[in-house]
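Number of protein chains: 4
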Amino acid sequence: MNDNGIIEKLTKLFQEFPGIGPRQARRFIYALLDKNEDFSKELSLAILELKKNTARCGQCFFAFEAANSVSAGGKSRCFVCGDSNRDGSLILTVERDVDFENIEKSKLYNGRYFILGGVLSPLKPETQKMVRFRELFEKVKSDRNIQEIIIATSLTREGEATALYIEKILNPFVERKKLRITRLGRGLSTGTEIEYSDAETIKNALENRK
Amino acid sequence: MNDNGIIEKLTKLFQEFPGIGPRQARRFIYALLDKNEDFSKELSLAILELKKNTARCGQCFFAFEAANSVSAGGKSRCFVCGDSNRDGSLILTVERDVDFENIEKSKLYNGRYFILGGVLSPLKPETQKMVRFRELFEKVKSDRNIQEIIIATSLTREGEATALYIEKILNPFVERKKLRITRLGRGLSTGTEIEYSDAETIKNALENRK
Amino acid sequence: MNDNGIIEKLTKLFQEFPGIGPRQARRFIYALLDKNEDFSKELSLAILELKKNTARCGQCFFAFEAANSVSAGGKSRCFVCGDSNRDGSLILTVERDVDFENIEKSKLYNGRYFILGGVLSPLKPETQKMVRFRELFEKVKSDRNIQEIIIATSLTREGEATALYIEKILNPFVERKKLRITRLGRGLSTGTEIEYSDAETIKNALENRK
Amino acid sequence: MNDNGIIEKLTKLFQEFPGIGPRQARRFIYALLDKNEDFSKELSLAILELKKNTARCGQCFFAFEAANSVSAGGKSRCFVCGDSNRDGSLILTVERDVDFENIEKSKLYNGRYFILGGVLSPLKPETQKMVRFRELFEKVKSDRNIQEIIIATSLTREGEATALYIEKILNPFVERKKLRITRLGRGLSTGTEIEYSDAETIKNALENRK
Numbered sequence: 001m002n003d004n005g006i007i008e009k010l011t012k013l014f015q016e017f018p019g020i021g022p023r024q025a026r027r028f029i030y031a032l033l034d035k036n037e038d039f040s041k042e043l044s045l046a047i048l049e050l051k052k053n054t055a056r057c058g059q060c061f062f063a064f065e066a067a068n069s070v071s072a073g074g075k076s077r078c079f080v081c082g083d084s085n086r087d088g089s090l091i092l093t094v095e096r097d098v099d100f101e102n103i104e105k106s107k108l109y110n111g112r113y114f115i116l117g118g119v120l121s122p123l124k125p126e127t128q129k130m131v132r133f134r135e136l137f138e139k140v141k142s143d144r145n146i147q148e149i150i151i152a153t154s155l156t157r158e159g160e161a162t163a164l165y166i167e168k169i170l171n172p173f174v175e176r177k178k179l180r181i182t183r184l185g186r187g188l189s190t191g192t193e194i195e196y197s198d199a200e201t202i203k204n205a206l207e208n209r210k
Numbered sequence: 001m002n003d004n005g006i007i008e009k010l011t012k013l014f015q016e017f018p019g020i021g022p023r024q025a026r027r028f029i030y031a032l033l034d035k036n037e038d039f040s041k042e043l044s045l046a047i048l049e050l051k052k053n054t055a056r057c058g059q060c061f062f063a064f065e066a067a068n069s070v071s072a073g074g075k076s077r078c079f080v081c082g083d084s085n086r087d088g089s090l091i092l093t094v095e096r097d098v099d100f101e102n103i104e105k106s107k108l109y110n111g112r113y114f115i116l117g118g119v120l121s122p123l124k125p126e127t128q129k130m131v132r133f134r135e136l137f138e139k140v141k142s143d144r145n146i147q148e149i150i151i152a153t154s155l156t157r158e159g160e161a162t163a164l165y166i167e168k169i170l171n172p173f174v175e176r177k178k179l180r181i182t183r184l185g186r187g188l189s190t191g192t193e194i195e196y197s198d199a200e201t202i203k204n205a206l207e208n209r210k
Numbered sequence: 001m002n003d004n005g006i007i008e009k010l011t012k013l014f015q016e017f018p019g020i021g022p023r024q025a026r027r028f029i030y031a032l033l034d035k036n037e038d039f040s041k042e043l044s045l046a047i048l049e050l051k052k053n054t055a056r057c058g059q060c061f062f063a064f065e066a067a068n069s070v071s072a073g074g075k076s077r078c079f080v081c082g083d084s085n086r087d088g089s090l091i092l093t094v095e096r097d098v099d100f101e102n103i104e105k106s107k108l109y110n111g112r113y114f115i116l117g118g119v120l121s122p123l124k125p126e127t128q129k130m131v132r133f134r135e136l137f138e139k140v141k142s143d144r145n146i147q148e149i150i151i152a153t154s155l156t157r158e159g160e161a162t163a164l165y166i167e168k169i170l171n172p173f174v175e176r177k178k179l180r181i182t183r184l185g186r187g188l189s190t191g192t193e194i195e196y197s198d199a200e201t202i203k204n205a206l207e208n209r210k
Numbered sequence: 001m002n003d004n005g006i007i008e009k010l011t012k013l014f015q016e017f018p019g020i021g022p023r024q025a026r027r028f029i030y031a032l033l034d035k036n037e038d039f040s041k042e043l044s045l046a047i048l049e050l051k052k053n054t055a056r057c058g059q060c061f062f063a064f065e066a067a068n069s070v071s072a073g074g075k076s077r078c079f080v081c082g083d084s085n086r087d088g089s090l091i092l093t094v095e096r097d098v099d100f101e102n103i104e105k106s107k108l109y110n111g112r113y114f115i116l117g118g119v120l121s122p123l124k125p126e127t128q129k130m131v132r133f134r135e136l137f138e139k140v141k142s143d144r145n146i147q148e149i150i151i152a153t154s155l156t157r158e159g160e161a162t163a164l165y166i167e168k169i170l171n172p173f174v175e176r177k178k179l180r181i182t183r184l185g186r187g188l189s190t191g192t193e194i195e196y197s198d199a200e201t202i203k204n205a206l207e208n209r210k
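Residue numbers (the UniProt record's numbering), protein chains in the order written: chain A, 1 to 210; chain B, 1 to 210; chain C, 1 to 210; chain D, 1 to 210.
Do not take every clue at face value.
If chains are identical, the list can't say which one is meant, so a pair holds when it fits in one copy or spans any two.
Capping the alpha-carbon separation at 20 Å, the derived lysine to aspartate or glutamate pairs in EDC-like fashion look like this [what the hints assert, rightly or not]: (1) Lys-9 with Glu-37; (2) Lys-105 with Glu-195; (3) Lys-51 with Glu-65; (4) Lys-168 with Glu-135; (5) Lys-52 with Glu-42; (6) Lys-168 with Glu-138; (7) Lys-9 with Glu-160; (8) Lys-105 with Asp-198; (9) Lys-35 with Glu-126; (10) Lys-210 with Glu-193; (11) Lys-41 with Glu-126; (12) Lys-51 with Glu-8.
Bear in mind the hints are in silico, worked out from the structure with no lab data behind them.
Extracted from the complex, chain A is given alone in its bound form (with noise of 0.2 Å):
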């Protein structure tokens, strides 16, 4: 069969995706084979283009497109770093890129962002490493504007422990430089049932009832 050699190869690299496995990978694999050649050049080109053409915004670290970005004081920014309309004494610190682009899409938030690039897992110390904590203790240190960082990790085990994390770490700058750091609201999400609700959820639902 073909077990070794360039299909072998491909369904590997396929499966660097997230969510793919074996199985899907291979399929992937079948339905290169069964398009045209002009496809596969195509895709071939537009994943080298991806890195070229793409950069991690220098204050929120989004990656957006070079020809997208916005110039300012002589650095390139993404569209909401580069946007003066936008309220840079809030700071809404996310755990990828999608996150960004979900709550943008309601267009309810004005402030800006921090992309933290992961989770801090509590069984794996190593995770610590790949979070750009550091890097977001660097922005607010040297940030004049801003005043609140709203954490919005997710609910999950490794989104409550990143959120522990960063509060750690940003505690000297709430006397210092009077930062207030919140986190996003707790309570019943859309299609909340009370029958099935889990009691940390009932807790927080009576707590910030109103």
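Chain A is already provided as a structure; the job is to place chains B, C and D on it using the hints.
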């Protein structure tokens, strides 16, 4: 086949239970036939006794065992309404008995309850009569201790319509009796991931941050 | 809470039904309490009558309404065993009443049945007593008309163990009475995709091609 | 947001893969951005090489690595068609490469294959051109060794339409060349429960009993 008579009749009766379709109802029939006669007798008797030996609390309408009732002022009450340590100024208004039970299980709430017995379905006006709106109105009108009504309906279309209607009918008491009408807090609930949150949840989570 | 007495008792009884856990059992309780007393009485009576008004066929052990029974040779039989147009040389041996009903619904089979009442679980030797192996043996031994036993157990581990055991106990009749013992055909079933088929199904599908 | 340029373009290209929607395509983008540049280069190159280094077998149309090809009579063939121990009188006709791979994995089949490359969708007449019906016809016409065509399409509406069409176009060879045209056996497949079987499966299981 067994298409009329007692098997068909009992199949139809079992389908009156929530979540039971014709196939599962039929499986119940054969399960009964496979059990001995003592089981049928015990089940039959228990169903009759359920109605006889339970009562709905005159205060909150929770269904409870007559044997568990608490006598207070000559009237029988459920274990919450009969407990003088519970805070009678707070009334948590829920859709159903199972909501009451789920919140009690969490041991996080020390006030009292009111069980609506159903929800208002915007497309079915007749549902209005099936919900204890009048009883809630009379309770708030006559009970001097009540200071706050916490509306704890589910975050579904029906739950929201029910909450709005409660706010409307209790509105006269806000000024007259300084009644507070609150709703359970909203935002992220356990397990919520930012990437998959809908705009409504993001809006509530941002507004209710703290 | 309602942790003893009739509510708890009935919750436990409802959990005896297949597929019903404690939460759904409790929902049944509150559904009963929300219905009027006539419903409880009707349900209670129907459960008692089920046992009284049904009988298992003396030939195939299918449970049927006494009122639907067919008198044949002074004995009460189910509508299949009492129908002289059905082919008595063919006995389809199924696990349960619901299997009988599903096959009858298809109107594709003109022989008779035998209901085992259960399956042999390889890890639970006591299950052997709960299946009508002895009754099947006696039936084949005494009924001169039978020429073929079609084993129609499910293609699960338990169904397979049950089929093997039937083959073993009926084996003496293969030579003595020229009994044919067959099993339902195997291969692709509706919806099967070759890509996702297991080796056993591929093997059967290849062997049984035609 | 990233709504045009390379990110949007690559998002669209990834959506060409089977089972990939816009949200997962976007996650692939961010996964690529989070990996180092070597990964992008390796992936880009592998996609180009896939087309260059693979070929479809001239006999069965299975896609295989050029390096794995077997030379036979001056022509390059796949590992099955190039293996003289495989039975060339038997051709198993499957929809796709993944079906070939799944059957080979089971090691239960010693004949050869033919890959149709698609299915006939009854509602889309244009699908007829995308399936290798002509190539199958020519192969059967010219290859003297072939004695049996096993149609191994899926038991879906499209698979059935495809099988019927193959029977129709190969029909002339049944008499002329004494060709056998068979279909995979039908009946119960692994895990099938009698209670939930559809009429078609019951019919096949009864007919094909043995």
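Intra- versus inter-copy proximity for Glu-195 and Lys-105 (alpha-carbon distance at most 20 Å): Close across copies (11 Å), not inside one copy (31 Å); limit 20 Å.
Intra- versus inter-subunit Cα pairing at 20 Å for Lys-168 with Glu-135: The answer is within: 15 Å in one copy meets 20 Å, while 50 Å across copies does not.
Intra/inter-copy verdict for Lys-41 and Glu-126 if alpha-carbon distance must be at most 20 Å: neither (38 Å within a copy, 26 Å between copies)
Intra- versus inter-subunit Cα pairing at 20 Å for Lys-35 with Glu-126: between (41 Å within a copy, 17 Å between copies)
Intra/inter-copy verdict for Lys-105 and Asp-198 if alpha-carbon distance must be at most 20 Å: between (29 Å within a copy, 10 Å between copies)
Lys-52 and Glu-42: within-copy, between-copy, both or neither at 20 Å Cα: both (15 Å within a copy, 15 Å between copies)
Within, between, both or neither, where Lys-9 and Glu-160 count as close if Cα-Cα is 20 Å or less: neither (37 Å within a copy, 35 Å between copies)
Alpha-carbon proximity context of Lys-51 and Glu-8, limit 20 Å: Cα proximity of Lys-51 and Glu-8: across copies only (13 Å, versus 25 Å in one copy).
Copy assignment of Lys-210 with Glu-193, given that the CA separation must stay at most 20 Å: within (18 Å within a copy, 24 Å between copies)
Alpha-carbon proximity between Lys-51 and Glu-65, which holds within one copy, between copies, both or neither at 20 Å: within (9 Å within a copy, 29 Å between copies)
Alpha-carbon proximity context of Lys-168 and Glu-138, limit 20 Å: Intra 14 Å, inter 51 Å, cutoff 20 Å: intra-copy only.
Up to 20 Å CA-CA - Glu-37 versus Lys-9, copy category: Close inside one copy (19 Å) and across copies (17 Å); limit 20 Å.
Hint violations for this structure: numbers 7, 11, all remaining hints satisfied.
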